[in-house]
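Visitor: Spelled out, the chains give:
8 protein chains.
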Amino acid sequence: MKNYEDLGFSKVDVQREERSGYPEVIFGEGKTPEQIRVIMSILVEKHKKAMVTRLSREKAEALIKHFPEARYDDTSSVLLYGNTDYEYPGSVMVMCAGTSDLPVAEEAALTAEWMGCPTTKLYDVGVAGIDRLLGHRKEITEASVLIVVAGMEGALPSVVGGLVKRPVIAVPTSVGYGTHLQGITPLLSMLTSCSSGMSVVNIDNGFGAGFQAALILKLAADIGGNK
Amino acid sequence: MKNYEDLGFSKVDVQREERSGYPEVIFGEGKTPEQIRVIMSILVEKHKKAMVTRLSREKAEALIKHFPEARYDDTSSVLLYGNTDYEYPGSVMVMCAGTSDLPVAEEAALTAEWMGCPTTKLYDVGVAGIDRLLGHRKEITEASVLIVVAGMEGALPSVVGGLVKRPVIAVPTSVGYGTHLQGITPLLSMLTSCSSGMSVVNIDNGFGAGFQAALILKLAADIGGNK
Amino acid sequence: MKNYEDLGFSKVDVQREERSGYPEVIFGEGKTPEQIRVIMSILVEKHKKAMVTRLSREKAEALIKHFPEARYDDTSSVLLYGNTDYEYPGSVMVMCAGTSDLPVAEEAALTAEWMGCPTTKLYDVGVAGIDRLLGHRKEITEASVLIVVAGMEGALPSVVGGLVKRPVIAVPTSVGYGTHLQGITPLLSMLTSCSSGMSVVNIDNGFGAGFQAALILKLAADIGGNK
Amino acid sequence: MKNYEDLGFSKVDVQREERSGYPEVIFGEGKTPEQIRVIMSILVEKHKKAMVTRLSREKAEALIKHFPEARYDDTSSVLLYGNTDYEYPGSVMVMCAGTSDLPVAEEAALTAEWMGCPTTKLYDVGVAGIDRLLGHRKEITEASVLIVVAGMEGALPSVVGGLVKRPVIAVPTSVGYGTHLQGITPLLSMLTSCSSGMSVVNIDNGFGAGFQAALILKLAADIGGNK
Amino acid sequence: MKNYEDLGFSKVDVQREERSGYPEVIFGEGKTPEQIRVIMSILVEKHKKAMVTRLSREKAEALIKHFPEARYDDTSSVLLYGNTDYEYPGSVMVMCAGTSDLPVAEEAALTAEWMGCPTTKLYDVGVAGIDRLLGHRKEITEASVLIVVAGMEGALPSVVGGLVKRPVIAVPTSVGYGTHLQGITPLLSMLTSCSSGMSVVNIDNGFGAGFQAALILKLAADIGGNK
Amino acid sequence: MKNYEDLGFSKVDVQREERSGYPEVIFGEGKTPEQIRVIMSILVEKHKKAMVTRLSREKAEALIKHFPEARYDDTSSVLLYGNTDYEYPGSVMVMCAGTSDLPVAEEAALTAEWMGCPTTKLYDVGVAGIDRLLGHRKEITEASVLIVVAGMEGALPSVVGGLVKRPVIAVPTSVGYGTHLQGITPLLSMLTSCSSGMSVVNIDNGFGAGFQAALILKLAADIGGNK
Amino acid sequence: MKNYEDLGFSKVDVQREERSGYPEVIFGEGKTPEQIRVIMSILVEKHKKAMVTRLSREKAEALIKHFPEARYDDTSSVLLYGNTDYEYPGSVMVMCAGTSDLPVAEEAALTAEWMGCPTTKLYDVGVAGIDRLLGHRKEITEASVLIVVAGMEGALPSVVGGLVKRPVIAVPTSVGYGTHLQGITPLLSMLTSCSSGMSVVNIDNGFGAGFQAALILKLAADIGGNK
Amino acid sequence: MKNYEDLGFSKVDVQREERSGYPEVIFGEGKTPEQIRVIMSILVEKHKKAMVTRLSREKAEALIKHFPEARYDDTSSVLLYGNTDYEYPGSVMVMCAGTSDLPVAEEAALTAEWMGCPTTKLYDVGVAGIDRLLGHRKEITEASVLIVVAGMEGALPSVVGGLVKRPVIAVPTSVGYGTHLQGITPLLSMLTSCSSGMSVVNIDNGFGAGFQAALILKLAADIGGNK
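As you go down the protein sequences, you meet chains E, V, P, H, C, S, B and F in turn.
In terms of UniProt numbering, the first sequence is numbered consecutively and its last residue is 227.
In terms of UniProt numbering, the second sequence is numbered consecutively and its last residue is 227.
In terms of UniProt numbering, the third sequence is numbered consecutively and its last residue is 227.
In terms of UniProt numbering, the fourth sequence is numbered consecutively and its last residue is 227.
In terms of UniProt numbering, the fifth sequence is numbered consecutively and its last residue is 227.
In terms of UniProt numbering, the sixth sequence is numbered consecutively and its last residue is 227.
In terms of UniProt numbering, the seventh sequence is numbered consecutively and its last residue is 227.
In terms of UniProt numbering, the eighth sequence is numbered consecutively and its last residue is 227.
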């Protein structure tokens with residue numbers, strides 16, 4: 001039995017759900033609508049669900065003609081097909097520092113939701129107005145996992161990390177100018193954070209953060225129980 | 001009631017256990033033995049346990065005179081005092097790519113253990129000898145959280161990430177030369193990984209990885225239950 | 001006797017075949033179709049064959065009007081004229097990690113073929129699905145030279161290098177985002193690889209990898225024989 | 001009349017007090033005690049005061065033999081001679097994020113004091129324990145100018161900048177490891193800050209921050225008055 | 001009482017004037033005209049004035065339809081609404097090194113003026129023609145705060161810093177090519193300056209420099225008086 | 001049957017000779033003499049030969065006590081034990097640009113020799129004295145594989161690459177100062193070379209170049225024959 | 001008497017010819033045709049000649065309407081008005097490594113000629129075909145000053161520097177891809193060159209190289225004579 | 001007739017004087033005293049003079065035992081043997097910005113003098129005290145060639161370049177801290193300078209600047225004469 005479908009230009013990893021818990025997700029950037037359609041057909045047939053990230057509206061419209069049940073989100077440029085039929089215990093809070101970080105934050109939230117996580121959102125709570133953040137301290141400390149998205153100097157995750165006893169996944173964004181260096185600065189800042197319990201994903205990688213958050217809730221669901 | 005002890009040169013955060021789940025951990029580098037002794041006394045009195053990282057043997061010996069119950073680990077340069085009296089469900093696997101990555105791997109393992117995590121270890125399984133890694137596939141897929149430590153080109157976490165359905169925390173190390181750039185290369189490599197479900201901490205930050213792994217198991221213990 | 005044709009804007013190196021074993025190859029980027037036509041005419045007259053890399057479809061169409069026997073490959077943007085009339089012993093395997101690496105991989109394969117090498121191809125075998133790679137272990141170990149193309153974190157050559165007793169030429173690609181740094185990350189990663197017997201060419205330089213692979217097979221053809 | 005003393009190896013700028021408001025300050029690093037002694041003699045004779053920064057204890061001891069009234073501060077490695085005989089209105093608050101930032105913070109404070117500024121200090125108030133910082137909100141908002149010193153990810157100035165209506169001068173320090181890049185990371189972070197009203201000086205340049213803070217208070221003293 | 005208006009995509013900080021002395025300023029880049037209009041409405045209602053930076057002419061025209069009293073400046077891409085009804089003592093001099101630095105210089109000047117500062121301007125006085133600069137020495141030394149804008153190698157602030165006894169705020173610009181590195185070179189140059197009393201803001205951040213200059217004059221107005 | 005010996009701190013890859021054609025080579029830097037001794041014992045027992053690179057004289061002397069037949073080379077810091085009992089056809093020429101590149105060049109030469117390659121050497125032929133190089137044109141064009149070692153600007157491989165029809169492996173060295181950036185400059189220069197048929201290894205990685213050269217000659221020996 | 005014309009947006013340095021030997025040259029990039037026209041009018045009136053660099057054909061055509069005697073060169077994007085009426089002794093040789101470096105080489109040549117230098121040209125003599133270069137050894141050694149333009153790895157100046165007893169000015173170009181880093185690699189390479197007697201200008205700065213070459217010939221004309 | 005002496009570890013280029021106008025100069029760093037002695041013997045025998053740069057006092061003392069006529073300069077770490085018996089017309093002015101730049105400035109001056117140039121020196125004239133510089137305007141404009149040495153932000157050459165009609169050679173130094181980046185900042189600053197007629201050499205490369213300055217005076221001597 002083969003563990004992938006060989007399409008020549010691509011080897012679709014149809015065994016990934018067994019191995020990794022979730023079907024392969026399609027990275028839409030740099031693929032033609034036709035390439036995506038073929039890969040998506042295999043995934044839909046096998047798993048009854050599919051997700052495409054970094055997909056332009058144009059490509060999305062072409063795909064929706066073939067998959068009318070699919071739904072496209074303009075903010076995050078994500079296309080979803082199918083749903084999870086379960087929900088994990090706990091919840092993922094997605095926070096962001098500024099209005100311009102929304103596309104990345106929404107990609108994270110949609111990913112976590114599609115993988116079975118309840119999510120809450122807290123947007124535009126950058127550290128330059130610390131009271132906006134601290135006004136939500138209760139919700140923040142109640143979340144199970146926190147995805148903290150920030151561009152500019154990337155300081156928000158450090159502050160959040162100091163408020164909670166839960167894992168924080170920091171996502172730097174490419175929103176900024178000059179010394180922001182297309183996201184290198186918040187990335188370095190987050191990696192150098194003085195807060196413990198925090199880890200970091202690639203610039204603008206909302207998907208990766210949502211994915212890891214879901215793996216954490218899944219783990220809690222699978223092995224949890226009081227100490 | 002004050003939430004910290006003010007020592008002038010330091011404000012010891014004695015409320016951190018309530019807030020973050022664990023007492024403050026002392027970063028030993030750049031502090032004098034006397035500074036560490038004072039801070040450690042407050043933490044030991046308050047929490048009955050303490051941990052000091054990046055502590056040279058010389059400083060450790062000076063401290064052990066004051067805290068004879070403390071124990072020092074030469075490989076990781078960690079000093080521990082006290083123990084957790086509980087153990088989380090699940091387990092943390094600490095892997096490393098090469099022999100020279102051991103200090104960082106051991107720092108991660110000791111941190112996770114001291115915080116209540118059962119740990120397993122799989123060392124010197126770099127990708128240039130992929131069979132050494134795959135020979136342990138079963139143990140790898142059974143771990144709850146995986147800390148993957150690697151210097152050089154930092155490829156190990158990408159391979160491990162593709163084998164498991166659990167969160168992977170990647171730790172780049174400063175072991176290498178030339179284009180390794182003191183750990184920048186494995187760091188960038190890990191952040192750019194094609195594997196989902198993986199996040200990254202600072203170069204040589206075994207402590208941070210162990211800490212986040214423990215927060216994940218703690219979460220599972222606190223909120224877990226089958227979906 | 002002059003060893004080049006002086007065109008004013010260019011000195012065409014008509015002696016290169018004698019010196020280097022192959023005629024000069026034209027780098028199409030940044031040259032006008034007319035400049036390329038003139039240089040190509042000299043090469044075709046002298047060598048009965050020519051190769052142009054990094055050529056847009058528009059320029060290619062203009063050139064094919066003058067050289068109707070020439071053939072253009074859309075994936076790699078390479079134009080070829082004429083053929084080798086020999087074939088080296090052994091074979092070059094061209095591998096790539098992801099679908100988006102195809103243009104570079106095909107440039108490498110076409111170059112090696114045009115220079116007289118039998119080639120085999122193994123595409124979309126990134127390390128996050130290691131079984132897709134290892135399922136081809138036999139073919140991999142039988143190749144004479146391996147060209148391994150990868151974007152993202154560039155981990156594939158390290159794994160391949162550990163499987164074979166043959167030279168590996170690694171090619172980083174500019175496919176990725178954020179910390180990928182337009183290919184700098186896989187480049188650094190490949191240079192820092194823990195695998196021996198591997199060397200690296202410039203980002204996206206499929207041509208250079210194919211060229212060196214052909215020189216290796218040519219050497220084997222010229223001097224080979226059992227020890 | 002010459003506006004400097006020409007010592008061959010140095011041209012001592014004896015007119016700087018008139019021009020810039022303060023005598024030249026000696027940068028001690030890389031000068032021999034004898035060179036410093038000669039320059040300092042000229043300054044003391046002319047201005048009755050002198051300041052030497054980045055001076056090792058060894059060199060300081062040699063100098064104190066010649067200038068017994070001089071006083072040396074071990075934390076900041078600053079040597080001072082003479083005093084201002086005035087005090088500006090307002091005050092400079094010097095804050096730092098961690099214990100290891102003290103040398104830079106003290107250099108800033110000593111500079112500002114020596115130039116005539118009342119100072120207050122608030123140390124070890126990093127953002128990972130935001131309550132330590134906010135517990136001092138009243139003092140913070142009452143300061144006239146704030147010098148905020150931070151290593152690691154350099155997030156403290158962003159938070160402080162959002163709390164006050166006064167100018168903030170941020171000073172990154174070289175305290176950190178790995179992605180901290182010897183202070184480049186907090187520097188970039190501070191420059192990219194989402195807080196308005198903040199500017200930045202060179203890594204570890206406590207002197208520069210203290211100097212500018214004093215110029216600001218001096219300006220207030222010179223031209224001030226209600227709008 | 002809430003200290004911000006929650007618009008979902010944005011939390012407008014209506015308390016900032018009390019806290020920071022000035023209402024929130026809208027960063028126009030990356031926001032839709034509709035988003036800006038909503039935020040601006042809240043600010044206008046609350047404060048009777050508003051400022052939008054980095055706003056294209058197209059967006060400005062759309063906004064002026066809603067706010068006919070607003071005025072747009074093409075050089076700096078700034079939109080202003082309302083006026084201060086006071087003027088601080090002292091003055092801000094805005095200088096720039098070359099003609100191409102004008103947009104940044106004008107952004108700084110408009111910001112300072114809108115916040116209540118008298119300003120003077122001295123443009124195109126780069127150090128390669130030092131006499132153009134020194135011909136204005138008197139005006140330069142009379143300014144209260146100096147904003148010095150420069151692209152290329154960023155040398156102007158160092159020279160100006162040596163002429164005055166007042167705070168200098170240096171602004172690097174993205175004007176240049178090659179080794180100018182989009183403004184990184186003048187930024188590094190300014191941070192490394194041998195002049196005391198100087199601090200630096202982000203590349204092209206005329207707004208930030210103008211804002212800090214205004215805070216300094218405001219401080220002088222609030223607390224000033226002779227020593 | 002296990003394909004490695006598990007020493008706890010290391011998993012010795014005793015199957016590598018079968019898989020890769022050569023036994024594992026020990027990287028001496030960062031290992032204790034005792035660790036090296038244990039690993040070396042296993043390798044010597046299994047393969048009758050061993051090689052240790054980057055070994056200080058002190059560690060070498062400690063090892064020679066256990067392995068009296070081993071021989072140490074001071075220039076390259078390599079320890080060798082045992083010999084190949086065969087010699088490949090063809091030859092490897094090792095060239096270097098300057099006297100200070102000798103340690104890297106000798107590491108390359110010793111590696112290739114120990115693996116069965118005849119070698120020739122051409123040292124101190126930097127391009128600033130091009131006649132020194134071209135005086136050896138005949139030997140250069142007769143070599144089967146060329147290893148070209150250069151620090152400073154790394155120009156030598158580009159010139160050599162244009163003279164020959166054989167594969168060139170370029171090795172940048174860390175010899176230089178200032179803009180040489182510890183070898184980054186010759187590395188980038190070599191990767192960007194206008195010569196075809198050339199690939200590059202890590203800075204100072206003479207071993208890697210020698211290893212790949214030997215794999216090329218081995219291939220020629222294994223599969224060679226005229227086209 | 002004023003030493004510049006103040007246009008508000010620009011201060012035209014009309015005294016530069018006296019001070020620097022040549023009138024101010026207009027950098028065309030980022031200026032409007034109208035701005036250039038005004039500045040050019042002043043220069044033409046004062047000096048009877050003018051030069052504009054980095055000028056697009058569109059802007060050039062608009063300017064030629066006002067200055068019909070002006071002539072525009074498409075390769076270098078330079079506009080010239082007027083001529084020198086003298087010619088320096090000696091000659092400037094402008095060399096370039098590849099066809100794509102022509103625009104920069106021609107900018108250098110036109111600059112030097114317009115300033116009074118006889119020039120010779122030697123193009124497309126990259127080091128990968130060293131015989132093309134050495135075939136011109138006689139002309140090369142006879143030049144008075146050599147401007148050597150190169151993209152890619154920038155090796156040509158090192159070789160030329162070793163052939164001559166005259167000053168070499170190296171110009172890196174932005175022609176290349178991948179590790180070429182938009183010209184940073186040849187720049188670093190040239191700065192690190194093992195050849196003495198060579199200096200470097202900014203990436204693509206043909207103008208600067210031509211200008212310095214002319215200053216050198218002018219010096220020879222002004223002070224020369226046999227020792 | 002051989003054009004070099006082959007010492008095995010070095011090929012001494014005894015023909016360089018004919019080719020380049022000057023004998024080979026020995027770079028002392030990284031060579032043993034014995035290696036230097038052998039090379040120096042050949043050069044002294046052939047040319048009656050020799051120069052060694054970057055030579056420690058220890059090595060110098062060892063060499064002076066063999067070459068008692070040699071003289072060593074402690075500031076620049078240069079060893080000289082023999083003298084020129086001619087003097088070029090014109091003069092080289094060596095300037096530096098700060099006291100710590102003296103070693104590099106003296107290396108430049110000694111090199112130029114040893115090669116036959118009259119030199120003048122102007123030290124510690126950094127731009128933060130512009131009057132110290134402008135007080136010497138007459139001498140500056142009278143120099144034939146200007147070598148301008150600066151660490152920190154490297155602004156001095158830009159100002160000097162605007163004052164003179166002669167070629168300026170800028171030398172960045174490694175004197176500074178933090179954002180100075182071991183000399184990268186003044187290097188970039190000098191390359192990006194808005195002054196024409198200036199070129200740049202490697203960080204701390206006083207020798208290279210002195211060498212080029214001498215080639216310029218030599219050219220003037222060889223070909224000069226009024227236009």
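Heads up, some of the hints might be wrong.
[Claimed, not checked] Distance condition first, Cα-Cα at most 30 Å in a straight line; then the derived DSS-like pairs of lysine-lysine:
no., chain 1, residue 1, chain 2, residue 2
1, E, K138, C, K46
2, C, K138, H, K48
3, E, K121, E, K49
4, B, K46, C, K121
[Claimed, not checked] Here are a few chain C residues that sit away from chain B, every Cβ distance over 10 Å (derived from the structure):
no., residue
5, P33
6, S56
7, E58
8, P68
9, Y86
10, P118
11, Y123
12, D124
13, D131
14, R132
15, H180
[To be verified] To give a feel for the contact side, a few chain V residues facing chain P, derived at Cβ under 8 Å:
no., residue
16, S77
17, G129
18, L188
I should point out that these hints are in silico values taken from the structure, not numbers from a laboratory.
All residues carry an ideal CB built from backbone N, CA and C; glycine is no exception.
Visitor: Each of the hints needs a verdict: does it hold here or not?
Guide: Hint check:
1. E:K138 with C:K46: holds (29 Å)
2. C:K138 with H:K48: holds (28 Å)
3. E:K121 with E:K49: With Cα atoms ~25 Å apart, K121 (chain E) and K49 (chain E) stay inside 30 Å; holds.
4. B:K46 with C:K121: Holds: K46 (chain B) and K121 (chain C) sit about 27 Å apart, inside 30 Å.
5. P33: holds (27 Å)
6. S56: holds (18 Å)
7. E58: holds (20 Å)
8. P68: holds (29 Å)
9. Y86: It holds; Y86 (chain C) is separated from chain B by about 29 Å at its closest Cβ, greater than 10 Å.
10. P118: holds (19 Å)
11. Y123: violated (7 Å)
12. D124: Its Cβ does come within 10 Å of chain B, the nearest being 4 Å, so this is violated.
13. D131: violated (6 Å)
14. R132: Check fails; 5 Å does not lie beyond 10 Å.
15. H180: violated (8 Å)
16. S77: violated (25 Å)
17. G129: holds (5 Å)
18. L188: holds (4 Å)
Of the numbered hints listed earlier, those contradicted by the structure are 11, 12, 13, 14, 15, 16.
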